[in-house]
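J.: Listed below are the residues making up each chain.
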Amino acid sequence: MAFIEIRNLRKIYRLGNEKVYALKNIDLEINKGEVCCILGTSGSGKSTLLNMLAGLEKPTRGDIFINGVNIAKLNERRLAKFRQENTGFVFQSYNLIPQLTALENVGMPLMFKGLPKSIRNKKALKMLKAVGLGDRMKHRPNQMSGGQQQRVGIARAFVAKPNVIFADEPTGNLDTKTTIDVMTLMVDMCRKHNLTLIIVTHDIEIAAYADRIVHIIDGEITSVEENIHAEDINTENEREETE
Amino acid sequence: MKISDMLQMCFRNLWRRKGRTMLTVTGVVIGSCAVIVMISLGIGMNKAMDGMLGTLGDLTAVTIYNYNYGNSSAEEDKPLLDDTAIESFKNIENVTAVIPKMSVSGEMVTIASGKNDRYKISWTEIYGIDFSLFDEMNYTAAQGEFPKEGMYENAIVFGNEVPYQFRDTKKKGQASYTYKQQLPDGTFSKPFVEPVGETIMLYINNTKKMNDDGSYQYGGRGYEFKMLGTAVLETDPMWETPYSVFIDINLAKQIISDYQRLNGIRDNKPAEYTQVKILTDNIEHTEAVQEAVEAMGYEASSMAQVRQEMQGYLGVIQMVLGSLAAISLLVAAISITNTMIMSIYERTREIGIMKVLGCFISNIRLVFLMEAGMIGLLGGVLGTIISYVISAVMNFLGSGLFGSMMGMQTADSQISIIPLWLVLLALVFSTIIGLISGFYPANRAVKISALEAIRNE
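In order, the protein sequences belong to chains A and B.
Residue numbering for the first sequence follows the working numbering, beginning at 1 and increasing consecutively.
Residue numbering for the second sequence follows the working numbering, beginning at 244 and increasing consecutively.
Derived by calculation from the structure, the hints in this document are not laboratory data.
Virtual Cβ for every residue (Gly too), placed ideally from N, Cα, C.
Treat the hints loosely; a few may be bogus.
[As the list claims (entries may be wrong)] Lysine-lysine pairs mimicking DSS-like chemistry, simulated, CA-CA at most 25 angstroms apart:
#, chain 1, residue 1, chain 2, residue 2
1, A, K192, A, K123
2, A, K122, B, K690
3, A, K129, A, K73
4, B, K245, A, K81
5, B, K358, A, K81
[What the hints assert, rightly or not] Only some residues are given here: those of chain A computed to face chain B with a beta carbon under 7 angstroms:
#, residue
6, V20
7, Y21
8, K58
9, Q84
10, M108
11, P109
12, G114
13, S118
14, I119
Extracted from the complex, chain A is given alone in its bound form:
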């Protein structure tokens, strides 16, 4: 069994009397440590797929197995527990809490797990250092640039040592240079810890970082493309950075 298995997944929204098929019949397997990109235009159903993978939305039909657990069947509390232990999130608009410092924001998933503050802060600081923001721990989100905020977001996603990271248009609000930095950082960290990374985007450039690109149009997977150059891009970027 693959790390993530999606079977016969269907999602239907009702708009008045009309049925809208957001996802028609999705079957997909994603392996542990894989960087997978779900590529599609807006309205293609890619975000719906991500939401269901993260357990934020219930499918109309079908099953989603992550690490052997069918999350489509979990109740609210078990889903929360599942998210605490298995998932990390990176959002387009960062979704940091404005009143909290970078350190506190990163420590949040650990707080929900019930870890005491001292341990939380230690782990969060380590993570901030890993994303290159060790000197910004006392800063609040509005005192940082978009790129820095997204790094804080990445640190927050990784801090609880999840098995899978979901990234929803992670660079949508960033300029090209920062996009490259953020993507490189995120993909590198996943590779280093052998984490599964699922990126949802409409941007071909971003897709280039993935091992596999899943094209989705009108709620259906049209093609799955193995990207043999993924490693190359990454090493290339690293070379650029060291130069």
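Using the hints, position chain B against chain A.
T.: Showing chain B alone in chain A's frame:
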């Protein structure tokens, strides 16, 4: 999530909107203040009432009057207030003392003092009372001491106005009387006789022979009693004792029989008492004892009846005041709910993020309940402090007014009393009000869809 983290989150959120939080808290402060002050007024009123009734008479006493006494056409079915009755009263539960009183009417005896009986009192009622129980009457002596054992039959106690009734028989007109009046130096004028330590004579009257001045002539040798004045009573605000003279009950019985013998009155009726006072061990038992006595067919009265009526009356006042206060607390509760709903709208995104990051919804609910409860508790604490101030001010300003309202000069009485239990009650109650007010918003918060909350703008 740890409780400490939730508390911290709750404080942070309250602090974030300081102004709004304080305004909401103010609502609770006003509400809890109103409730505390109103209840404290009620407690104060009850205390003042008991104090006032206490000055009117002993709250533990039941008094039985004998309306048959001296009435020849006595109703046959009324039980006699005699020694048998006294014994049956003693058997009633919670009775500590039964004090019978027998009156020697004014026509029977002349009181005299001074050399050659120069000073006289005619037409004053004398009460026979068991001097061994005199302490139970709760009278206080202004001068002298109450009769001691062994000299009961030769002791006489005067009400504070009685000495002024002595007439000087050597003088005529105005000069033969003294009046009690305040002198320029603040003291009172002196009567002809100050009875404490003086020899006082009691002469049984012969009602067939009257003097020129309207008094009766004495019965002569064998119909006189030599007494020693022992005490003058303190002023009695109820005007029960000022004009009374007390002698021992056995002496009173003898005087009555001597009088009847001297004046040829035949009375076959057994000796009856004019009044019996029953003392109970506790205010709360007074009413039951009174009922027991009335069940035997006697007419009795006590302060318990008055007390109960007044308590009922005060209860209505308290209820009206209390409901006014409750309304303001209700308004405060609604304003907490309103504040929390607004706060949730502002924090929709934050709640969504928390959910996505794996926060249990029970934790989210608890955070919001804590915030609402904290507003309530804070309001309760401040309300209690302010209530103490208001209470002190009211006690300072209004005690005179309140005292006169209750018809008593009780300068030291408190209008408003805040006992510890009221403080604890107020704190617990305001916190609960907060929690209840926060219940609906908290449930709203957990229903927020994480998806919509974090959706990219």
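J.: Work down the list of hints and note, for each, if the structure agrees.
T.: For each hint, the structure was consulted:
1. K192/A x K123/A: Distance ~17 angstroms between K192/A and K123/A Cα, so the pair holds.
2. K122/A x K690/B: 33 angstroms, violated
3. K129/A x K73/A: 38 angstroms, violated
4. K245/B x K81/A: 15 angstroms, holds
5. K358/B x K81/A: Outside the cut-off at roughly 109 angstroms; violated.
6. V20: 16 angstroms, violated
7. Y21: 18 angstroms, violated
8. K58: 11 angstroms, violated
9. Q84: It holds, given that the least Cβ distance between Q84/A and chain B is near 3 angstroms, below 7 angstroms.
10. M108: 6 angstroms, holds
11. P109: 5 angstroms, holds
12. G114: 6 angstroms, holds
13. S118: Given a least distance of 12 angstroms, the restraint on S118/A is violated.
14. I119: 11 angstroms, violated
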